[in-house]
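Chemist: Knowing the structure of chain A, use the given hints to seat chain B on it.
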Amino acid sequence: MFDVNEIRKDFPMLKNKMQNHDLIYFDNAATSLKPTCVIKAINDYYLKYCANAHRGDYDIAHKVDEEYENGRNIVAKFINANPNEIVFTSGTTMGLNIVAYGLMDKINEGDEILITEAEHASNVLPWFKIAKEKNAIIKYIPLTKEGKLTPDSLKNTLSNKTKVVAIAHVSNVLGYVVDAKTLAKLTHQYGAYFVLDAAQSAPHLKLDVKDIDADFVCFSGHKMLGPTGIGVLYGKYKLLKEMDPLMSGGGMNTRFDMCGDVGLQIPPLKFEAGTQNIEGVIGLSSAIKYLEKIGMNNIEEYEKELKKYAVEKLKKLDNVIIYNENSESGIITFNIKDVFAQDAGSYFNSKGIAVRTGLHCAKILVNFLHTEATVRASLYFYNTKEEIDAFVEACKSGGDFLDAFFA
Amino acid sequence: MHFSLSPEMMREIIMDHYTNPRNKREVDDKNYQTIYMDSTSCIDKIYVQVLIKDNILVDVVWHGIGCAISSASTSIMSELLKGKTVDEANNILKNYFAMIDEKDFDENVLDEAVVFINTSRQPARIKCATIGYRGVDKILKGDKDNG
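Going down the list, the sequences are from chains A and B. As numbered in the working numbering, the first sequence has no gaps in its residue numbers, which increase by one up to the final residue, 407. As numbered in the working numbering, the second sequence has no gaps in its residue numbers, which increase by one up to the final residue, 147.
Simulated from the structure, these hints should not be mistaken for laboratory data. As the structure is a computational prediction, the values presented were derived from the model and not from experiment. Errors might be hidden in some of the hints.
Unchecked claim - Some chain B residues well away from chain A (every beta-carbon gap over 12 Å; in silico):
no.: 1; residue: 8
no.: 2; residue: 12
no.: 3; residue: 29
no.: 4; residue: 31
no.: 5; residue: 34
no.: 6; residue: 52
no.: 7; residue: 55
no.: 8; residue: 67
no.: 9; residue: 82
no.: 10; residue: 85
no.: 11; residue: 91
no.: 12; residue: 104
no.: 13; residue: 109
no.: 14; residue: 134
no.: 15; residue: 138
no.: 16; residue: 141
Unchecked claim - Derived BS3-like pairs (lysine-lysine); straight-line CA-CA distance at most 30 Å:
no.: 17; chain 1: A; residue 1: 132; chain 2: B; residue 2: 45
no.: 18; chain 1: B; residue 1: 82; chain 2: B; residue 2: 53
no.: 19; chain 1: B; residue 1: 45; chain 2: A; residue 2: 148
Heads up, the beta-carbon is just placed ideally off N, CA and C, and yes, glycines get one too.
The shape of chain A in the complex, shown without the other chains:
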């Protein structure tokens, strides 16, 4: 295991105060803090070798090409893929939009696209759009009453009409980890495509796309120590080759003439039109190296321990309702009794604690949790038991939420 106090020294944000308290950052499912090495890598690009990729014949442009393509290798190794199966995107949302658009030609009237009620908007709305365009049908795989997606449930929903199964590896609201490998296997038995939204899993556990046998996997850099505006789409090479790219422009074609005849690059460049987010790729590469140094299995194990510690302490309070005490990841979804989530959020802010309130974009899930809103505390490997102690103390007096304005 690692020494969390040593790790915390790598994150300059943790030295900051909020409302005159040491910052306790429990909003990691929204975005993560960045270690110094990532900030430095981005700075170095702008300070020492700022040039465009795939364009120049001079030394610094060559260096950019090397760093950019090396980033692809680093990502590929991180998720056990081939570099030519790694498409850089602006984030999970763009990745899922590329996949939905690219699969459009394969979807016919009456075909079924399976999602769940716990999906993030980014894994719902692109499919709504495709379904409308192709007269296909969106079907929801039923969740257990705890909010979990099980292989049995998928098995009972799959049919010969199923073309796509698109689900989150880890739900952003409840934090359950699905058995992606079994779900992919079931999906393939019906000849459908398996799309995995890994936004909440890639930062927290060892992701092996080959072992899962997913057709497409999307995740974001900024939730795993990288900068915003960079993300990854993994796709099986054969499928990437067949897909029409969502974006067109420079860098993705090999030739075109004025009659409209266009030759496209082979994947992954086919999907990377326009000048890419070079600082993003460089920052993400540095972030992945940092994560690998700590070890994804260590990160997963440590977060499980933190979550268990927090749940045990919170359960002793009679004014806290926890909605997902049994989920495996570091997401705690809860409410303070008789306090509207947003009021609780301000109250936590007044104690220097950053949590997220609201519906977390999974607006459909409200019908499921039977509450209008929740508070979400989401942990990462730089959080500590001491921070959880302070958080639990704050929960105790959460009923006095107007203290945020008057104390």
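Modeler: Only chain B this time, still in chain A's reference frame:
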């Protein structure tokens, strides 16, 4: 004189309006102007309905889902604006926004609404404390489509 309200009294007023909101009902009457206020950054979703006759805000009602701050501020606003002329209402809005922005304002026209004077301590809640006021402002400016 409102600054003589102790913090305890302010808290009581907010909690009173939150738990017993005034003028909270939906009106199905075409003579009312209705505006829907929500935001991507928070979960408040509030409808404000105003009946204006002969330049007077004859009725101000609201309904929807919101936190204590948005609910209580809209409830207090509905009482404050009801029966005022359009000019008086605009003056109240102007002074309320000034107070929230920590600028000079006339406390005499705001009455109980001064309990929100500390909103800037929690800047993320400024949107909540002004949601109803921004709605009426849009209605008075004839800008209803941009809730």
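Chemist: Now look at each hint and say whether the structure bears it out.
Modeler: Hint by hint, here is what the structure shows:
no.	hint	in the structure
1	8	violated, 8 Å
2	12	violated, 10 Å
3	29	holds, 27 Å
4	31	holds, 31 Å
5	34	holds, 21 Å
6	52	holds, 31 Å
7	55	holds, 35 Å
8	67	violated, 4 Å
9	82	holds, 25 Å
10	85	holds, 32 Å
11	91	holds, 25 Å
12	104	holds, 21 Å
13	109	holds, 22 Å
14	134	holds, 17 Å
15	138	holds, 22 Å
16	141	holds, 27 Å
17	A:132 / B:45	holds, 28 Å
18	B:82 / B:53	holds, 12 Å
19	B:45 / A:148	holds, 29 Å
In this structure, the earlier hints numbered 1, 2 and 8 are contradicted, and the remaining ones agree with it.
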